[in-house]
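A.B. asks: Numbering (my numbering), first residue to last: 1269 to 1449.
Just so you know, not all the hints are guaranteed correct.
[As the list claims (entries may be wrong)] Each pair of labels, with its calculated beta carbon distance range:
id, residue 1, residue 2, range
1, Gly1322, Lys1299, 16 to 26 Å
2, Trp1359, Lys1299, 14 to 24 Å
3, Glu1362, Lys1299, 23 to 33 Å
4, Lys1299, Asp1361, 33 to 43 Å
5, Lys1311, Asp1361, 35 to 45 Å
6, Val1279, Glu1316, 12 to 22 Å
7, Lys1282, Leu1352, 34 to 44 Å
8, Asn1335, Ile1300, 21 to 31 Å
9, Glu1284, Ser1320, 37 to 47 Å
10, Asn1335, Pro1301, 19 to 29 Å
11, Phe1309, Glu1364, 36 to 46 Å
12, Val1360, Lys1277, 29 to 39 Å
13, Lys1282, Phe1351, 29 to 39 Å
14, Asp1355, Gly1296, 21 to 31 Å
[Stated by the list, open to error] With a straight-line cut-off of 20 Å between C-alpha atoms, the simulated PhoX-like cross-links for lysine-lysine are:
id, residue 1, residue 2
15, Lys1299, Lys1358
16, Lys1336, Lys1299
17, Lys1288, Lys1311
18, Lys1311, Lys1343
19, Lys1299, Lys1277
20, Lys1347, Lys1318
21, Lys1336, Lys1358
22, Lys1331, Lys1353
23, Lys1318, Lys1299
24, Lys1299, Lys1343
25, Lys1277, Lys1318
26, Lys1311, Lys1332
27, Lys1311, Lys1336
28, Lys1347, Lys1288
29, Lys1332, Lys1299
30, Lys1299, Lys1288
31, Lys1277, Lys1343
32, Lys1331, Lys1299
33, Lys1288, Lys1343
34, Lys1347, Lys1282
35, Lys1299, Lys1353
36, Lys1347, Lys1331
In short, the hints are calculated from the structure, not lab data. Nothing here was measured: the structure is a model prediction, and the numbers come from that model. The C-beta atom is built at its ideal place from N, Cα and C for all residues, glycine as well.
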Amino acid sequence: MTIDLPDAKDVNLKLEPEGKFFFSATSGVDKIPYEIDINLFDKVDVNESKASIGLRNIRYLVKKAENKWWSRLLKQEGKPPVFLKVDWDKWVDEDEEPENKLGTDMDFGDFDFSKLNMGGGEGLDDDDDDDDDDDINADKDEENDDSDTEEEVAAEAAPAPAPAPAPAPAPAVGEAAATKA
């Protein structure tokens, strides 16, 4: 479950084995209180469930006590509360096997990857200390190079020969051919 609440303070999370979930926190300059108390569809494993409180949201990975399909999230039937939405990015159908994709469920919060200096910026290689490496890499590149040779490039760049001049049209019937005098 993800609770979108930026700058949450005094966060209180409580999950009971019977499936009762309680959340409360305050947010904003006015410290507006937020609270939710819901009953999940079935029993949960409190020890395997994990919470993560970030700057923008609170995530709670709720582990079911039994590995079986729930027909809905809440015990109550009917229309769910307006504040409850499905996260379709995390949805898994009953007949689908969960795939173990490493890192797909990781929350990086407000981590700024641009500060890691992992390349891509201009002027990062201003010192000429590694010119030897460039020469070695250039030799390897030449061996595997499929680009055109200088002769091929010059041949492609040369202008195409001019077309042969068209022959003079034959005089039409009844016309005399012009002659030089």
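A.B. asks: Next step is simple, just say for each hint if it's right about the structure.
C.D. replies: Structure-based check of each hint:
{"no.": "1", "hint": "Gly1322 to Lys1299: 16 to 26 Å", "in the structure": "holds, 19 Å"}
{"no.": "2", "hint": "Trp1359 to Lys1299: 14 to 24 Å", "in the structure": "violated, 34 Å"}
{"no.": "3", "hint": "Glu1362 to Lys1299: 23 to 33 Å", "in the structure": "violated, 42 Å"}
{"no.": "4", "hint": "Lys1299 to Asp1361: 33 to 43 Å", "in the structure": "holds, 41 Å"}
{"no.": "5", "hint": "Lys1311 to Asp1361: 35 to 45 Å", "in the structure": "violated, 22 Å"}
{"no.": "6", "hint": "Val1279 to Glu1316: 12 to 22 Å", "in the structure": "holds, 20 Å"}
{"no.": "7", "hint": "Lys1282 to Leu1352: 34 to 44 Å", "in the structure": "violated, 18 Å"}
{"no.": "8", "hint": "Asn1335 to Ile1300: 21 to 31 Å", "in the structure": "violated, 38 Å"}
{"no.": "9", "hint": "Glu1284 to Ser1320: 37 to 47 Å", "in the structure": "violated, 19 Å"}
{"no.": "10", "hint": "Asn1335 to Pro1301: 19 to 29 Å", "in the structure": "violated, 36 Å"}
{"no.": "11", "hint": "Phe1309 to Glu1364: 36 to 46 Å", "in the structure": "violated, 19 Å"}
{"no.": "12", "hint": "Val1360 to Lys1277: 29 to 39 Å", "in the structure": "holds, 33 Å"}
{"no.": "13", "hint": "Lys1282 to Phe1351: 29 to 39 Å", "in the structure": "violated, 18 Å"}
{"no.": "14", "hint": "Asp1355 to Gly1296: 21 to 31 Å", "in the structure": "holds, 24 Å"}
{"no.": "15", "hint": "Lys1299 to Lys1358", "in the structure": "violated, 31 Å"}
{"no.": "16", "hint": "Lys1336 to Lys1299", "in the structure": "violated, 40 Å"}
{"no.": "17", "hint": "Lys1288 to Lys1311", "in the structure": "holds, 8 Å"}
{"no.": "18", "hint": "Lys1311 to Lys1343", "in the structure": "holds, 10 Å"}
{"no.": "19", "hint": "Lys1299 to Lys1277", "in the structure": "holds, 8 Å"}
{"no.": "20", "hint": "Lys1347 to Lys1318", "in the structure": "violated, 27 Å"}
{"no.": "21", "hint": "Lys1336 to Lys1358", "in the structure": "holds, 17 Å"}
{"no.": "22", "hint": "Lys1331 to Lys1353", "in the structure": "holds, 19 Å"}
{"no.": "23", "hint": "Lys1318 to Lys1299", "in the structure": "violated, 26 Å"}
{"no.": "24", "hint": "Lys1299 to Lys1343", "in the structure": "violated, 31 Å"}
{"no.": "25", "hint": "Lys1277 to Lys1318", "in the structure": "holds, 19 Å"}
{"no.": "26", "hint": "Lys1311 to Lys1332", "in the structure": "holds, 6 Å"}
{"no.": "27", "hint": "Lys1311 to Lys1336", "in the structure": "holds, 11 Å"}
{"no.": "28", "hint": "Lys1347 to Lys1288", "in the structure": "holds, 19 Å"}
{"no.": "29", "hint": "Lys1332 to Lys1299", "in the structure": "violated, 33 Å"}
{"no.": "30", "hint": "Lys1299 to Lys1288", "in the structure": "violated, 25 Å"}
{"no.": "31", "hint": "Lys1277 to Lys1343", "in the structure": "violated, 29 Å"}
{"no.": "32", "hint": "Lys1331 to Lys1299", "in the structure": "violated, 31 Å"}
{"no.": "33", "hint": "Lys1288 to Lys1343", "in the structure": "holds, 10 Å"}
{"no.": "34", "hint": "Lys1347 to Lys1282", "in the structure": "violated, 24 Å"}
{"no.": "35", "hint": "Lys1299 to Lys1353", "in the structure": "violated, 25 Å"}
{"no.": "36", "hint": "Lys1347 to Lys1331", "in the structure": "violated, 24 Å"}
In this structure, the hints that do not hold are numbers 2, 3, 5, 7, 8, 9, 10, 11, 13, 15, 16, 20, 23, 24, 29, 30, 31, 32, 34, 35, 36, in rising order.
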